[in-house]
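Chemist: Here is how the chains run, residue by residue.
Protein chains: 2
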Amino acid sequence: MPSFAIGVDLGGTNLRIAAVDEQGALLEKVTLGTQVARGRDYVIAEMCDAIRELSAKCSRAGRMIGAGIGVPGIIDQRTSMLRESPNLPGWDNYPVRDEIERRLGAPVILENDANAAAMGEAWLGAARDTDSMCMITLGTGVGGGIVLDGKIWHGMTGMAGEVGHMTIDPDGPPCKCGNTGCVEQFASATAVMRMARDAIASGRAPQLARAANAPDVEFSAKLVYNLAIQGDQPARDIFKRVGWALGILIADLVNMLNLNMYVIGGGVSAAWSVFSPPMFDELRKRSMVYGATAPVQAVTPPTGASADATSPATSHATVITRALLGSDAGLYGAARLPMMTDEKSANRHIA
Amino acid sequence: MPSFAIGVDLGGTNLRIAAVDEQGALLEKVTLGTQVARGRDYVIAEMCDAIRELSAKCSRAGRMIGAGIGVPGIIDQRTSMLRESPNLPGWDNYPVRDEIERRLGAPVILENDANAAAMGEAWLGAARDTDSMCMITLGTGVGGGIVLDGKIWHGMTGMAGEVGHMTIDPDGPPCKCGNTGCVEQFASATAVMRMARDAIASGRAPQLARAANAPDVEFSAKLVYNLAIQGDQPARDIFKRVGWALGILIADLVNMLNLNMYVIGGGVSAAWSVFSPPMFDELRKRSMVYGATAPVQAVTPPTGASADATSPATSHATVITRALLGSDAGLYGAARLPMMTDEKSANRHIA
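Chains D and Z supply the protein sequences, listed in that same order.
For the first sequence, the working numbering begins at 1 and goes up steadily by one.
For the second sequence, the working numbering begins at 1 and goes up steadily by one.
Isolated chain D, as found in the complex (with noise of 0.2 Å):
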């Protein structure tokens, strides 16, 4: 019987719904404002009815297997507890899981969004083709997820994959982590409207400094983006920054870990133009590892494809590359997580 599964990616602003099938197709998606102020207790019952509307709607479609859930926070794997989550205040230590699984009598699984991010690139997305990939996502923050033949890295206690906060410069800016030169400061929006502050406070970036004041636009990464690709040199070394901490971040991880993908995504992956020549320099110097498994022809990509790769799926090379599901993954990852687990569960049947 076909089937087909709930993803949910309960963002601080957004709450967001689809219905996914077992190919990957999307039957259904629902978008609805994340109303965290009104407390828990409304956001469960609200998305748990939009979850019960989306699925009459899919009935067509088979069987619903479950809904995934991906939350920006820590999440205990051994209780399904949240354990910080700064967007969703009075969530944590709250059985959220167990009473969504109540209400809508389906298994349930919660996960953290950059896991669940990751998961989405690896089955449909850049990595659909690799059991094992790092996926690095550069927002507001640094977020990241292991997957490791097939599945989700958690670690201990789910707390594995925590790129953002690994160490660049052991003397660099200092991080809310607690930690100082966390890549999260280097490669992050927040980290490039910091970098973009301090060169206008140097006096040596009028264009910047113009953009910055100009009246009616919000200045932004996105807007230290755009002069980097006009060629402002303050703007593009902005970026080069960007690259040089990403570059230093995944020899580290090809290093540690020997993996065949790691994939770029968030926000700020858009800036892929500029900073990932002097990644790609930073990393050829770093990683030996790579060195050794990196694709032997460099070609000019076509958007979106590793400025090092030739064919990812047909050869043992290392491939850095730029997600492709943009704010779909997360979505896209959560609803694959029930599928996994019901796999599972046929295979003990047949077995």
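Quick caveat, the hints were computed from the structure, so don't treat them as lab data.
Take the hints with a grain of salt, since some may be wrong.
One copy or two, either will do: identical chains are not told apart, so a pair holds if it fits within one copy or between any two.
[As the list claims (entries may be wrong)] Derived lysine-lysine pairs resembling DSS-like cross-links, with alpha carbons at most 25 Å apart:
hint, residue 1, residue 2
1, Lys344, Lys151
2, Lys151, Lys285
3, Lys222, Lys240
4, Lys29, Lys57
5, Lys240, Lys151
6, Lys57, Lys176
7, Lys176, Lys285
8, Lys285, Lys240
9, Lys222, Lys176
10, Lys29, Lys222
11, Lys151, Lys222
12, Lys222, Lys57
Keeping the supplied structure of chain D fixed, place chain Z upon it in accordance with the hints.
Modeler: Chain Z in isolation, oriented as in the chain D frame:
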């Protein structure tokens, strides 16, 4: 029927061979000099003779399952050939595994020596009560091995676990791997010696200078350690640097993999008492995942245990500890490898 396996530690200097039973008991052990200069075929013949002899001696202990061979160098796990092995010239791109298997008439597994040591500690040593661990070996260089869910994590081409070449300080000393500021440049015996020579050259380390110039004494990392435990400040500062680098490395590993246990072995690990306090300071500061999973009570450790550990086996705490098996870790780990393959095929038979 009871059985045993052969573990081989094929170093550039010594060839050590052991017969180990399935409970991890050592049945027999022999150490030969590795006559590398006499060429690959000579060494392989000698190894196979010694393995046969040892197996015959142990025949009362049951069936010989096979042999695991730990080799210094990178092994391509797809072909079981050596890719690079500076200490074993002429061994690369030769079917070492197939040739030994043919001569012994038993299954043979080739493994990188640092991975074999990790497996040894995971099976019988410091990490025997956990499923997932990372071993860091501080010797002439810094090696590493990652065990996930009881199995060595090889990555795509068998090159995973190169923790010694992760970047600690992007602008640090150059490494022969092509990178600058690798862990190996701060935490190996070679690095300790380099830092000692630098301190002597600065003119501010009179005791180190005296020790270095003493007749009949070879200047070594151990000598620097001896001065450090006697309270010599320049010598202590060197191990502070070792601890600093290891703290950054382990914070990265914890943030990325969230493993149960990190085991530090190799000759330099004997200096635990002087490098571990700054290592734990750095780790606590730099890893929020460690902060969330550190043992609750800090107790004064017994020799060989983590300065932060309480009871590794009973809690979901991140434990950093010293290796327990010394230079035998690689021998035991190598012997374990054919047993794992044997168990797997036995299970297949049953199913």
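Chemist: All the hints need checking, so say for each whether the structure fits it.
Modeler: Okay, the hints, checked on the actual structure:
Within a single copy, Lys344 and Lys151 get their C-alpha atoms as close as 12 Å, and across copies as close as 21 Å, so both meet the 25 Å cut-off. For the homomeric pair Lys151 and Lys285, neither the shortest alpha-carbon distance inside one copy (31 Å) nor that between copies (30 Å) is at most 25 Å. With identical chains, the CA atoms of Lys222 and Lys240 are at most 25 Å apart within one copy only, with a shortest distance of 15 Å there and 43 Å across copies. In this assembly of identical chains, Lys29 and Lys57 lie within 25 Å of each other by CA distance solely inside one copy; the values are 11 Å within and 69 Å between copies.
For the homomeric pair Lys240 and Lys151, neither the shortest alpha-carbon distance inside one copy (33 Å) nor that between copies (39 Å) is at most 25 Å. For a Cα distance limit of 25 Å, the shortest separation of Lys57 from Lys176 qualifies neither inside one copy, at 44 Å, nor across copies, at 62 Å. Taking identical chains as interchangeable, the C-alpha atoms of Lys176 and Lys285 lie at most 25 Å apart only when they sit on different chains, with a minimum of 11 Å there against 30 Å within one chain. Within a single copy, Lys285 and Lys240 get their C-alpha atoms as close as 15 Å, which meets the 25 Å cut-off; across copies the closest is 28 Å, which misses it.
With identical chains, the CA atoms of Lys222 and Lys176 are at most 25 Å apart within one copy only, with a shortest distance of 23 Å there and 39 Å across copies. In this assembly of identical chains, the alpha carbons of Lys29 and Lys222 never lie at most 25 Å apart, being 27 Å within a copy and 65 Å across copies at closest. Taking CA atoms no more than 25 Å apart as the test, Lys151 paired with Lys222 passes in neither setting, with 33 Å inside one copy and 44 Å between copies. In this homomeric assembly, Lys222 and Lys57 never come within 25 Å of each other (Cα to Cα): the closest approach is 38 Å inside a single copy and 72 Å across copies.
Going down the numbered hints, you'll see the structure goes against 2, 5, 6, 10, 11, 12, while the others check out.
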